[in-house]
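Visitor: Following full-length UniProt numbering, the numbering of the sequence shown begins with 1 at its first residue and continues without gaps.
Everything labelled a hint here was simulated from the structure, so no lab data went into it. Note that the Cβ used here is the ideal one computed from N, Cα and C, for glycine as well. Take these hints with a grain of salt, some might be off.
Label pairs and their in silico Cβ distance ranges [said to hold, decoys possible]:
1) T212 <-> Q453: 23 to 31 Å
2) N184 <-> Q353: 38 to 46 Å
3) P29 <-> V187: 22 to 30 Å
4) T212 <-> I625: 14 to 22 Å
5) T212 <-> S12: 44 to 52 Å
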Amino acid sequence: MSATVKGAKSRSGCSTCKKRRVKCDEAKPSCRNCAHKNLKCPGYETRWKWSTKHERQSCLQIQRAPVFSKHRGESFNSNATPEASTLPRSHQRERAGTAFINQIKHAQPITEELDIGSPGQNDTFSSESEQALSNEEWDAVLSLSLRASTPPILCMSDAPATPGQASLTKCQRLWHSPDIILSNTQVQVDFFMQKICKALTSFDSKYNLFRTLATSRTTESLLFFSLFRYITAAFLNSSTLDAASALVVQNAQTEILHRLHNEVARLNRPTTTNIEDVLMAIIMYGLTTNWDGSNSPSIIHYNAAVRLYLHTYRNGMPVPRQKGYQEFFFNSLAYWWMGLSFITDTGQECLLQLPIPETRIGNDDETASPAKRIPHPLAGVSPESQRLLGSVGSLVYGQRLRCRKRSFPSMNQLRVEYDALQEAQSLEEEALSLKLPKADDFVDISDIDTPIQDLINTAEVYRLAALVLLYRAFPDLLNSRLRLGEDEYAAGQSTKERRLLWVTALAIHALDILCQNAERSGTRSIEQILLIIIGGELEKRTYSQPFDPTEESDSSIPAPLMTRWGPPSPLTISSFDHFTVLHDLSGRDSPRSVTDTPFCHPSGSDRIAGARRTLLKRLQSIREILPYRSLEIVQELVLKTWDISDNDDPEVFWMDIMIENGWKFLLV
1 MSATVKGAKS RSGCSTCKKR RVKCDEAKPS CRNCAHKNLK CPGYETRWKW
51 STKHERQSCL QIQRAPVFSK HRGESFNSNA TPEASTLPRS HQRERAGTAF
101 INQIKHAQPI TEELDIGSPG QNDTFSSESE QALSNEEWDA VLSLSLRAST
151 PPILCMSDAP ATPGQASLTK CQRLWHSPDI ILSNTQVQVD FFMQKICKAL
201 TSFDSKYNLF RTLATSRTTE SLLFFSLFRY ITAAFLNSST LDAASALVVQ
251 NAQTEILHRL HNEVARLNRP TTTNIEDVLM AIIMYGLTTN WDGSNSPSII
301 HYNAAVRLYL HTYRNGMPVP RQKGYQEFFF NSLAYWWMGL SFITDTGQEC
351 LLQLPIPETR IGNDDETASP AKRIPHPLAG VSPESQRLLG SVGSLVYGQR
401 LRCRKRSFPS MNQLRVEYDA LQEAQSLEEE ALSLKLPKAD DFVDISDIDT
451 PIQDLINTAE VYRLAALVLL YRAFPDLLNS RLRLGEDEYA AGQSTKERRL
501 LWVTALAIHA LDILCQNAER SGTRSIEQIL LIIIGGELEK RTYSQPFDPT
551 EESDSSIPAP LMTRWGPPSP LTISSFDHFT VLHDLSGRDS PRSVTDTPFC
601 HPSGSDRIAG ARRTLLKRLQ SIREILPYRS LEIVQELVLK TWDISDNDDP
651 EVFWMDIMIE NGWKFLLV
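With the hints as constraints, model all of the structure from the sequences given.
Guide: Written as structure tokens, this is what we have:
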């Protein structure tokens, strides 16, 4: 009988478990022992050397090359390619390569048994394809997309949590690796429809066109099969860390780009179904390119989609309108444009404006007897509110860029700022007059997790978020609306302090409305930009001169009554109530009820802390269904804004932090 080993020695695992001589389960990001003991897990050493002896070769023979991450603003030497066995694990994950950009220019189109058409169509580029590819616009779209696209590899943030703030725990995934799921066609299709389609859209039912396309077009179109294959691989790779999975995503991305290349080359054929397939593929591909959090937003894909939309629906193309695809595509482009407007410098980059929407998109007989509407999977019940927020985001982003570049004032700069203020006033009027639809106007979408009221609440928060941005970036708008300079009730506070307090109260009001949606509501997938805007205003505002009710003042309110009420409200009753009642902001959780307790006092400070916890919990619920690297950057942005506002600059603006850190990922 062999002797029992009293102390098991750990030959693998983290160094902490080795020192403690305990077995390490090597879980990521920290092992179970370290997590149980509240210890910092130092990670694991590389035990195996990467071998390419038994590697599955793709039909394109793409070579492995280093990938350089751009979203951190780091500069690497392109000639330095150390061996994988000598690199840290975090660097090994980035070695899954972008050198395929050069090979892809000379790669042959992919041919598979599932391909359709004659055999000669996909062996080499036909003469028709070469003629279509001579178009400079499409050549630029495809070549630049290859240069800008990188495999969506998840890079775990090594930055410590912001002091004093709760940090989000990383969700542990039980999904299989991408190569296992993608090796079976049926498993891939089932996973896309059951998991991904539900996670990416605001509701999931038979009225979801993304699900309808996934069901019908996957088995009929190789373009859609390759598209869903890439989206599935990118989605799964967001929660895995090995280079093999990144290579699978790279191959899937190369495949969809080649198929899209071939389909674009055939657009001169009079096949409207093919045009709609290509437009849908460009939209879905473009919305997924920033899942890795890289600073390469899909602006070029968006511009291509807009041009194709105009070519299809505005140039007399014989498109059957009863399908309802025109409205679906337009609202999808509006949602995409909204996300890009927050990160695009329109003075330096070309971002095509959305076409002017038609008063009614649909059949002519629909105007006589209007039927109930169907919500859009991304735009919800009010695409107008998303377009409004996008216009505000573009205006504010341009203003913040100009503020960073301004050295000395000039007449031209003053004229530009005056024009921006005029545009801000117009957008404010549009936001205040925007009327949201009623629940009775829509069909029952048959989604138990997402009732129609959830979509209406989200649309209302989009409207409020636009107002929050306008009032923060253009102070004169709110000063004139609330007549802050004329109030005598809060004489101990400056106009700026009272205005910022009101903006914070409006942000909390918007958060309260958003939290009326259940944690499992499908609207989580379209709440990312809203949480950024709201979280940027959850700052602990303070008074520079606390008001003393015993001091002599010209106020008409008696001192004993003021003493009984406690510290004064940041806003006067008259100006606030007139504005909030006039514009339907005076509900149970209105900003007035929030500002009744000033944030500089303990109870108000607790309200801010509670709102922050609520927002982080809401953000955590999004990460449970969307394992994006960009959501980790969103968390870092929100926590960094709070840290700076609490310790350094109480007036810090979250968009300035984004610009300073060079973050330009898609905010949807």
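Visitor: For each hint, tell me whether it holds in the structure or not.
Guide: So, going through the hints one by one against the coordinates:
1. T212 <-> Q453: 23 to 31 Å: Since the Cβ atoms of T212 and Q453 sit about 24 Å apart, the hinted range of 23 to 31 Å holds.
2. N184 <-> Q353: 38 to 46 Å: The hinted range 38 to 46 Å holds for N184 and Q353, with Cβ atoms some 43 Å apart.
3. P29 <-> V187: 22 to 30 Å: holds (28 Å)
4. T212 <-> I625: 14 to 22 Å: holds (21 Å)
5. T212 <-> S12: 44 to 52 Å: Because 48 Å falls inside the window, the suggested range holds.
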